[in-house]
Structure formats: structure tokens, C-alpha cells
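Student: Given next are the chains, with one letter for each unit.
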Amino acid sequence: MVENGVDRSAERPVAVEVDRVFRRFGDFVALDHVSLKIHEGEFFSLLGPSGCGKTTLLRILAGLDLADDGVVRIGGVDASAIPAHRRPVNTVFQSYALFPHMSVRDNVAFGLRMKNVPEKEIATRVEQAIEMVQIGAFVDRKPAQLSGGQKQRVALARALINRPKVLLLDEPLGALDLKLRKELQVELLALQRNVGITFIFVTHDQEEALVLSDRIAVMRAGKIEQLGEAESLYENPKNRFVSQFLGTCNLIEAEVQADEGREMRALTPFGTVYFAKRDRGPAVAPGTRCTLAIRPEKVAVASPGEAGTNKVPATIEELVYIGAETHYILKCPAGKLTAYVMNSVLGPQGLEIGNRVTAHLPSSALLVLED
Amino acid sequence: MAGEANPRLARTEVRFGERLTAQAELLRSSLTSGPGILWVSLFLLLPLAGIGVISFLTRGTYGEIELPFTIGNYRRIAGFGLLGFDAQYPQIILRSLLLGAGTTVVCLAASFPLAFFIAGQPERRKQLALTLLIIPFWTNLLIRTYAWQILLGPDSFLARVASTLGLAEAGRPLYPSVFAVYLGMLCAYLPFLALPLYTAVEKLDWSIAEAASDLGADKLRVFRHAILPQLVPGMIAGIILVFIPATGQFVVPDLLGGAKTVMLGNAIQQQFGPSRDWPFGSAIAFVGMAVVLVGLYLQSRSAAAREGEGLL
Amino acid sequence: MRRVSLPLWIASGFLYLFLYAPIVVVIVYSFNASRYGGPWRGFTTEWYPAILANADKLDAAKNTLILGVASTLIATVLGTMLGFGLSRFRFRGKKFFSFLMYIPVVIPDIVMAVAMLMFFRLVRDRFGLFQLGMTTMILSHVTFQIPFVAIVVRSRLVGMDAGIEEAAHDLGATSWQTFRHITLPMILPAVVAGGMLAFTLSLDDFVVSFFTTGPGSTTLPILIYSSVKRGITPDINALSTLIVLVSIVATLAGLLFQRPRDSRQHPGGKL
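Each protein sequence line maps, in turn, to chains P, U and W.
Its first residue numbered 1, the first sequence is counted upward by one per residue in the numbering used here.
Its first residue numbered 372, the second sequence is counted upward by one per residue in the numbering used here.
Its first residue numbered 684, the third sequence is counted upward by one per residue in the numbering used here.
Heads up, none of these hints are tricks.
Incomplete in silico selection of chain U near chain W, CB under 8 Å: (1) Val411; (2) Leu415; (3) Ala481; (4) Thr502; (5) Pro507; (6) Asp526; (7) Cys558; (8) Phe621; (9) Leu626; (10) Gly659.
No wet-lab data here; the hints were simulated from the structure.
In this text the structure is predicted, and so the values were computed from the model without any measurement.
Glycine is no exception: its CB is placed at the ideal position from the N, C-alpha and C atoms.
Could you put together the complete structure from these sequences and hints?
Tutor: Shown next, in the form of C-alpha cells:
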């Protein structure tokens with residue numbers, strides 16, 4: 001399977017393979033022939049807005065739902081006929097789903113008890129699990145007496161104690177407040193590196209996905225829009241959706257005019273613009289229309305009056321001070337551009353609303369989108 | 372192109388984590404729901420159908436049930452007896468329907484203040500208020516009804532108040548009377564309406580009322596247009612729970628009413644008791660059943676229009 | 684908008700008073716020293732021991748208890764299974780049968796009573812089974828108890844987080860293990876609550892018992908009815924007081940068991 005221009009399929013063993021999985025609910029198609037391969041030991045995220053199918057896919061992997069068509073292979077074995085309780089897979093649920101009538105200890109021990117593991121071994125492994133997620137302090141309490149973060153850890157311990165081949169996590173940090181979420185993200189990452197098993201993580205929070213994942217699959221309406229490592233997804237989004245879902249982008253309509261060797265020349269509402277040819281992304285011939293995209297942090301803001309290629313005169317319409325950065329909304333005759341500038345110098349940048357500036361769009365930073 | 376269903380997995384589902392083939396689901400349904408449904412069907416639904424059949428048979432000389440089939444029983448209920456028009460049974464039916472309707476109206480009137488009262492209590496007191504409402508609901512109706520005989524007896528407080536106010540003769544009990552019957556019915560059925568209505572009030576979206584008031588509507592209009600429509604489903608549920616059993620109520624008219632207040636329930640008891648005319652009694656009972664079925668049908672229509680299931 | 688005004692307090696106060704007046708009157712008059720009922724003639728507790736000495740009343744009490752316990756046990760088992768089946772599985776005609784299950788809840792008890800009476804008589808004439816008596820009463824009681832138990836159990840199951848059973852399967856439990864270790868403990872309070880309510884229903888029933896009873900199977904409500912027809916006596920009040928107290932205890936117990944353990948449930952009894 002070719003990803004991001006490089007054939008990765010020979011590299012690491014495949015833990016989970018999804019092969020043209022199709023799932024519909026009545027008229028609604030939740031998964032539209034989705035395929036992907038997840039490697040052993042990877043922290044893999046399914047990222048997308050609500051309704052994109054990420055949770056449905058996760059549940060099919062867990063055995064909690066059945067695909068209408070297509071095959072799921074876990075460790076190379078076709079899992080379609082294997083019921084949930086016999087799959088080497090465990091899930092951490094969004095609502096934690098802790099057993100309310102059992103103590104934390106019994107919750108954690110549950111999986112082992114169901115498999116008739118001897119009590120002595122259970123006791124040791126429970127201790128290890130408790131140690132791993134640091135829930136020793138409330139091991140005899142019932143779930144109702146725990147906070148969200150504590151319940152989260154219990155859910156993790158309960159799942160990991162079974163030593164599954166794959167751990168599935170369904171937006172586990174969604175219900176927590178920001179600070180707690182960030183703390184747990186760090187812990188989760190460390191845990192995964194420690195334990196070394198494959199994690200498949202579902203989230204709608206792009207920042208979370210970027211922080212935690214080795215690779216991300218961006219999903220929309222039952223399809224995978226783009227799959228790859230975090231950096232490559234961010235720097236080379238394929239289409240408008242991905243460019244706006246991970247971070248944000250300035251979008252510029254362009255009509256390609258000429259091929260000038262290492263760059264292409266195009267006519268845009270902002271004037272003539274040159275963009276570099278890249279080995280990724282679609283090739284565009286002169287005479288075609290396309291959409292160019294440039295990340296706001298790549299737009300340089302310079303003093304007014306500078307002329308030159310890819311330089312657009314503009315006025316500052318709005319500025320938002322975020323602390324580490326200042327965000328500018330620049331008004332040009334042709335439209336608006338957003339620029340992020342780092343406040344790397346002490347004191348304000350000295351720019352105010354109404355000031356005239358020049359926006360510079362470096363040709364190497366302009367991407368061609370597929371739509 | 373839509374995916375073709377994998378034949379191996381056709382009609383298999385995973386529910387609550389468990390794989391169910393179509394056969395497995397059928398087996399489990401039968402084993403779990405089967406016994407209960409069979410029991411109720413055998414001992415109630417089948418007999419009810421039986422009553423329908425029997426209502427078309429005739430009374431024998433000594434009270435047996437015999438052929439021929441006849442619609443004579445129903446004709447009698449409609450007023451066309453052997454000796455020309457006899458309004459007795461049409462009156463009984465009308466009276467029962469009126470009693471049902473009247474009880475419903477009175478219960479509605481009393482339920483509104485109760486529902487809003489309970490909903491307006493702080494959490495602790497709310498539970499207490501609900502519990503206090505539920506307790507009489509589960510207390511023996513026979514006992515509560517005969518207690519009204521004491522409460523309305525000749526020397527009781529209420530009787531004395533009534534005679535002082537000139538509403539009744541001194542020294543006479545306030546029963547049997549239509550008033551006493553309605554009192555007993557209200558006492559019997561108030562929680563049946565108050566509880567569903569309370570549930571609806573509890574779920575009220577007050578922001579709609581606030582918005583209406585904000586836009587200048589006075590209290591009455593706010594109530595009529597912003598609050599009442601939200602309560603309709605709860606009201607309907609409660610009305611069904613009151614109207615249907617009330618039309619067929621036997622104990623209350625029996626203990627608190629007299630010859631002037633013979634209802635469906637009394638009439639049925641009469642035919643199955645002293646008069647030993649079971650076919651005729653069945654016909655009357657069947658009329659009562661008709662009310663039940665119509666009411667349930669209306670309820671399920673209203674419930675389906677709302678969300679999904681009815682009470683079950 | 685949520686504060687309760689004074690008129691509302693007064694109206695509700697009256698209504699609560701109205702609802703409890705009969706109960707209070709019965710309890711109070713059970714201590715009435717007047718021999719033949721009627722106005723208050725002084726305080727006495729003599730009627731309570733008198734009940735115990737009366738063979739008829741003791742018989743009726745015994746019958747009522749046997750009837751209550753037997754029917755409750757059967758109805759709780761069948762009703763729980765029904766509630767479970769209705770909430771979990773789909774089958775053809777399910778909507779129709781759910782609708783039918785609602786009939787015993789709303790039907791006037793006398794219509795139900797005569798239908799059953801008719802059934803038992805026909806069966807007796809044809810097959811010799813079902814002589815009117817304790818058996819027929821138990822069969823009848825179970826019939827109207829089942830839907831109530833099913834409703835209580837079903838609403839507990841419907842309110843339960845589906846994820847919990849999914850989690851159990853995910854962790855390796857088979858269907859039976861999940862039911863035994865997870866589902867059953869979680870619905871047990873609802874099952875007990877349903878049982879309590881079923882018992883109360885049986886205890887309270889007069890009309891159905893009246894029509895399906897036979898010689899030697901008189902229950903307390905039937906006894907009370909015949910006595911009331913002849914004129915209310917204080918020992919009947921004493922008997923009624925005891926019945927009322929048992930109902931109240933059973934109802935409270937039922938409500939207690941339905942109290943939500945997790946915040947997901949909607950509080951409050953029968954509904």
C-alpha cells in the first residue's frame with residue numbers, strides 16, 4: 001500500500017487490516033468501503049467530525065458491530081466470524097462503562113476472572129495494572145465515587161490487564177476538562193510507548209490527534225480523506241476538507257498559465273502568483289483551474305510598498321493577540337488573507353488595525369489542492 | 372454501488388456486544404417473552420375473546436349458556452328489549468361514559484395544581500411529595516371507598532357542614548348520591564392522572580414560557596400557548612389511565628351510589644351474580660371492552676406520533 | 684417561575700388531605716369503642732386481638748397471604764423474563780404484543796374478572812379442571828401482575844447504559860457470564876421492586892378475587908366487602924388498618940428498590 005508516495009507495506013507487521021469495509025444504517029452509509037492497514041505498536045488515530053464513521057469503524061474492530069460487507073483482519077486472521085469476547089482486542093469506552101456494582105479492583109480483574117485465570121495470578125496482575133495507571137488510592141471504591149479522570153484510568157487498567165494485541169480507545173478524553181485532558185494525553189502516550197501494543201484512537205480533536213499519533217486517518221462521511229503521519233498531513237493536505245480540518249488554510253482560486261521550470265505561474269484574484277512544483281500533490285497543466293492553499297503561519301507580513309512576485313498589498317482589518325502569536329486578518333482588494341505571526345521579539349509588533357502592509361506568499365509554501 | 376450483503380453474515384447482528392443470528396434471536400425472544408405473553412393471552416386475552424363470542428349466545432332456563440346465536444343481547448343494550456323500547460341499558464352506558472368523562476375532568480382539574488406543586492418543590496421535598504402521592508394509589512380501593520361511607524355518614528363532620536349550609540337534610544348521610552360517587556372516584560383515580568401529568572410538568576421547557584412572556588404575553592396566554600401544548604402527551608396518557616377504568620368501575624358506585632347510579636360495572640355484576648344471565652352480562656362487558664380498545668388505540672396513535680413506545 | 688405560590692400550597696394541601704382522609708378515618712375508627720360502628724365512643728384497642736381470635740378472619744388472612752406470595756413469585760419470574768425479552772429482542776408482532784400487554788393495566792377490573800370467570804367455568808365444564816378456588820385466584824392474579832413487573836424491569840433495562848454489557852463482552856465474558864455477573868445484579872433492585880408492587884396489587888385486589896374465588900378461599904378483601912355490605916364494624920376497621928399498613932410498607936420497599944443507583948435513571952415509583 002502506497003502512502004504519501006512511499007511504499008510502507010514491507011516495513012512492519014500489520015496488526016489490523018480493514019479491507020473494503022462497508023456499513024450502512026438504513027439509508028445512511030456510515031462506512032463506504034474503507035480500507036487501511038495499521039502496524040504493530042503504532043499509535044493510530046481516526047480523526048474526523050461527528051458522523052464520519054470513525055466510531056462505527058472502531059466498534060466493528062471490537063466486534064460490537066458487524067460490517068455489512070468487507071473483511072477485518074486482526075493479526076492476519078479474519079475476525080468477521082469471531083465474536084467480541086474472543087477477539088484479542090479490548091476497548092476503552094467514551095462513557096467508561098465501568099461496572100457500577102463492582103469495586104475498582106473487581107472491575108479491573110473482570111476480564112481475567114471471566115477467562116478463569118487462577119486467583120493468585122489475578123492478584124499479581126491487578127497490582128501491576130493498578131500501579132501502571134496509578135489508581136492505588138481508590139482501589140476499593142465504587143465507580144460512582146470516582147472523578148472522570150479516575151474513571152478513565154480504571155477503564156484503561158481494566159482493558160490493558162488482558163494484554164490485548166490491540167487497544168481501541170473511543171474518544172476517551174472527550175468528557176474531561178482541558179487541563180486534565182492534556183495531562184492524560186501525556187500519560188497515555190507514555191503508557192503506549194511503555195506497553196508497546198497497538199493503540200487505535202478515535203477523536204474529533206485535531207490537536208489531540210497531532211500530539212498523540214504516529215499516523216492519522218482523516219475521515220469524512222464514511223471515507224478516508226487522507227492518511228499519513230501527522231506532519232505530512234499538516235504540511236501537505238490533499239483537499240479543502242483536510243486543509244481546514246487540521247489547522248486552517250488560506251484558499252486561493254487560480255488559473256494556471258505557464259510552466260516555468262521549477263515553478264508554475266498562475267493568475268489569481270490577488271494577482272500573478274508563482275508556486276513551486278512539488279513531488280507530492282496533483283500536477284496541474286497550464287490552462288487548468290485549481291485551488292491553491294497556504295497556511296497562515298507561512299504568510300509573511302512585511303512593511304508596505306514592497307513590490308515583487310507573490311507580494312500582495314493589504315490593510316490590517318483585525319488583529320487578535322494570542323500571547324505567543326498574533327493573528328492578523330488582512331484585507332486585500334481581491335479578498336482576505338489570514339496570517340499568523342510569532343511574537344518572537346519583546347514588545348508589540350507595532351502593527352495596528354488600519355495599517356498598510358505587504359503580505360508575502362512564498363512560492364514554496366503554496367500547495368495545490370485536489371478540489 | 373451498494374455493497375452486497377455477505378451471505379455468511381446475512382441477518383446476523385451484534386447487540387449489546389453479543390452476536391445474534393436470526394435464529395438465536397427468535398429462540399431468545401420465545402424463551403423470555405414467550406411465557407409471559409402466553410400466560411396473559413391464555414388467561415385474559417382468550418377469555419376476552421370468549422366473552423365476545425358468548426355475548427351472542429342465549430340464556431337457558433336455569434341460567435346455562437346455550438345456542439342459538441343471537442344479537443338479542445346487544446339489542447337489549449341498545450334499548451330494544453322484548454317489550455319495546457327500554458331505556459334502562461342505554462342509560463346505564465351513557466351514565467358510565469359520563470361518569471368516566473366526569474371523573475376524568477375532575478381529576479384533571481385537581482391534577483394540575485398537584486403536578487405543578489410537586490414539580491416546584493426542592494429535590495428532597497419533591498421525593499417526599501411524590502411518595503405521599505403514590506402511597507394512597509397503592510392502598511386497597513375497597514377500603515378507601517368504604518371509608519367514605521364513614522366520612523359521609525349521618526353524624527360525620529361533612530354531613531353536618533352540608534346540613535348547616537342547607538345543602539342536605541340534617542341527620543342523613545351524604546351517600547348514596549352522585550356527589551358521593553364522584554368523591555370516591557376522584558379519590559380512586561387522582562394519582563393515575565397526577566403522576567403522568569407531573570412527569571410532563573417536570574420535563575417542561577420553561578424557556579419557551581419565558582420567551583413568550585418576554586415577548587409580552589400575559590400569564591394566561593403564556594399558559595395556553597407555551598405550557599399547555601407541552602403537557603398534552605402526559606395529559607393524554609393520564610386521561611387514558613383514568614377514563615377507561617372509570618367507565619367500568621364497580622366498587623365505588625356499588626358502595627357510594629344507589630339505584631340512581633347503576634353503572635356498567637354494577638350491571639355486569641348483576642348479570643353474573645343474581646340474574647345469572649351470563650350471555651347478557653358478557654355483552655355488557657364487551658361494550659366495556661370496546662371502550663378499552665378504542666382508548667388504547669387512540670393512546671398508541673398519540674404515543675407513536677410522539678416518540679416510540681407506549682408504556683411498554 | 685418555579686416557586687410555588689400560596690394558593691398552590693393551599694390547593695395541594697387540600698388535595699393531599701382529601702387523598703389521605705379515608706385512610707386516616709379507617710385507622711382512627713379502628714380504635715372506636717363503639718360496638719356497632721357509628722360515631723365515636725371512646726378509645727380502645729380491643730378490636731385488634733379480637734381479629735386474631737376470629738377463625739374466619741384468620742383463615743381469610745392466611746388465604747390472602749398464600750395468594751399474595753404464590754402469585755407474586757410466579758409473576759415476578761415471568762414478568763422479569765418478559766421485561767427482559769421486550770427490551771432486548773425484536774420479533775415479529777412485538778409491537779402488537781406490547782400493546783396487548785397494556786390491556787391488563789387499563790382494563791376495568793370487573794371486565795377482566797368476568798372474562799376469567801367465564802373461562803374457568805367453560806374449562807371446568809369441558810375438562811374438569813380449574814374448580815373455582817385458590818388455584819383460579821392465583822392464576823388470575825398472576826395475569827394482571829405480569830405486565831406491572833415487566834414494565835418496572837423493562838424501564839430499568841432501557842435506562843441502563845448499553846456500553847456496560849458491551850464492555851463485559853469486550854473483556855471476554857460470554858453471554859451467560861455477562862448475564863450472571865453484570866445484567867442480573869444490575870436489574871435485581873428493579874426485580875425486587877416489581878415483586879413488591881405485584882404483591883401490593885394482589886393484596887389490594889377485590890373484584891377479580893370476588894369473581895374467581897370458591898368455597899374456603901375467601902380472602903380479606905372479600906371478607907371486608909361482605910362485612911361492609913352488612914354495616915361497618917370496628918373490627919373491620921382494624922383489619923383494614925392492618926392491610927393498609929402492609930400495603931404502605933410494601934409500597935415503600937418497592938419505591939426504595941427503584942431508587943436510582945446511578946444518575947441515569949428517572950426517579951419515582953410506578954412510572
